[in-house]
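Colleague: Just so you know, the sequences run in chain order A and B.
Everything in the first sequence is counted per our numbering, starting at 95 for the first residue and increasing by one.
Everything in the second sequence is counted per our numbering, starting at 11 for the first residue and increasing by one.
Rather than coming from a laboratory, the hints here were simulated on the basis of the structure.
Beta carbons: idealized from backbone N, C-alpha and C, even for Gly.
Among the clues, some could well be false.
Computed list of chain B residues with no C-beta within reach of chain A, every gap over 10 angstroms [to be verified]:
1) Glu-39
2) Gln-77
3) Leu-87
Stretches of chain A that chain B covers, calculated by requiring three or more beta carbons in the stretch to come under 8 angstroms of a beta carbon on chain B [what the hints assert, rightly or not]:
4) 128 to 140
5) 154 to 162
6) 221 to 228
7) 240 to 251
8) 275 to 281
Restraint-style ranges between C-beta atoms, simulated for each label pair [as the list claims (entries may be wrong)]:
9) A:Gln-168 / B:Pro-228: 33 to 43 angstroms
10) A:Leu-237 / B:Arg-55: 26 to 36 angstroms
11) A:Cys-262 / B:Gly-38: 19 to 29 angstroms
12) B:His-21 / A:Gly-265: 12 to 22 angstroms
13) B:Leu-41 / A:Ala-220: 42 to 52 angstroms
14) B:Glu-26 / A:Asp-111: 23 to 33 angstroms
15) A:Ala-220 / B:Glu-56: 15 to 25 angstroms
16) A:Asp-111 / B:Gln-92: 28 to 38 angstroms
17) A:Trp-164 / B:Phe-18: 23 to 33 angstroms
18) A:Trp-164 / B:Glu-56: 39 to 49 angstroms
19) B:Glu-39 / A:Lys-108: 43 to 53 angstroms
20) B:Ser-76 / A:Thr-132: 14 to 24 angstroms
21) B:Arg-182 / A:Gln-219: 50 to 60 angstroms
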Amino acid sequence: MRAEAVTPPQPGTKAADNDRELALLRLVAQGDRQAFETLYADYYRRLGRFLARLTQRQELIEEAVNDTFWVVWQKGGEFRGDSLVSTWIMGIAYRCTLKTLRRAGGAATEPLVEEYEDTGTPEVQAQQELRDWVGKGLRHLPLEQRTTLELAYYMGHSCEEIGEIMDCSVGTVKARMFHARVKLRNLLPALGGMTERGKA
Amino acid sequence: MNQSDDVFSIHRRVWELIPWVVNGRASGEELRMVEEHLASCGDCREEHEFQTRLRAAMSAEPRPESQADGVAAAASLQRLWQRIDGEEEPALPVVRRRASSSFARGLLLAVLIEAVGIVALSAALWTRDSPRPGAPLYRTLSAPAEGASRATIRAVLQPTLTLGELQALLERAQLQIVAGPSDAGVYSLAPQPALAVASAQPALAQLRAHPGVRFAEPIDAARPAP
Ligand SMILES: [Zn+2]
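When you get a sec, could you build the whole thing from the sequences and use the hints?
Modeller: Dropping the structure here:
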């Protein structure tokens, strides 16, 4: 089992990415459609993956992505550069998603169970199996804790950035992370010692 | 560092920092503190391993990115443009919008020419504007562009149609551009080579159903009756 194979942190959080995204956003603020489409393409899949942890309904995911980028198009000129562009966009995405989920009702907040293609090396399959197993554990976390973990581990945001995105204090982020970790240790004990883990 | 920090309080601070070390967002000072503590604390070492595995599992993509993702993104983007254009039409100066979309179309066509490998067309053709709003479309339709003998469909695209949308649409309808745009902005489309015998009807229906297509007609049917 190659669980240690860590993928590098996702782009969108580092200074170089931010320079690029900032340049695109400045163009978007001037009504540049090409720049907007580039930014949209950059975020579409990542945002969709992120949102899939918050709802299983594909139409709600698309609605939230497009609500987010509708705001980016309208408000691009108001961005003052106080944070990273990715933090700003993810903050919009979080607010849009909460609004969409509230309107859709409580049942909408079950995360998407992704289906995997059967093809792939045994290593790839093992990785997908692990993902699936962890995904099931994540379903037991409240939305805020799940979002905090996802922002940190999938999107690669810092504690402070997550506070900005979720509009809460750093202390709240830490508390949510703490509770999420404790709960996952109980739900996924085998992840701590991979040798104990048998196939369920 | 506070002298009153005892071993337990350092352990607690390190435990709290572990996720931010794992995702690469801890500061240099935090990282040093964690590494130093990990060397002597089995509990934190184990927690670090747990979080590392958790992050690896959470950041792995469920499947490689495919053509379908691109098509889904293009379709989704198209719906967003429709919404934006529907809502903001009176707000933004039309001149700027048209200039930007004209630039986009130039780029789009350049990419498409490469993509479908059609014969080089005169550069002047590509810099020409799309049909002027209000200009009658039918008047010039009887003069298809040169080199379009394979073409089965003529179509006029909306100025707002983007590269991604057009690619997705052509992919879905299994068409390629063989010539165009003419002075009136008419494109000649043909089935992809492998499908040359297929009827133009399903593709035509897909074009007509697409909001980014202003007009589409089968080329034979367009001929004026004698
Ligand atoms: Zn410790």
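Colleague: Hint by hint, which ones does the structure fall short of?
Modeller: 3, 13, 17, 19, 21
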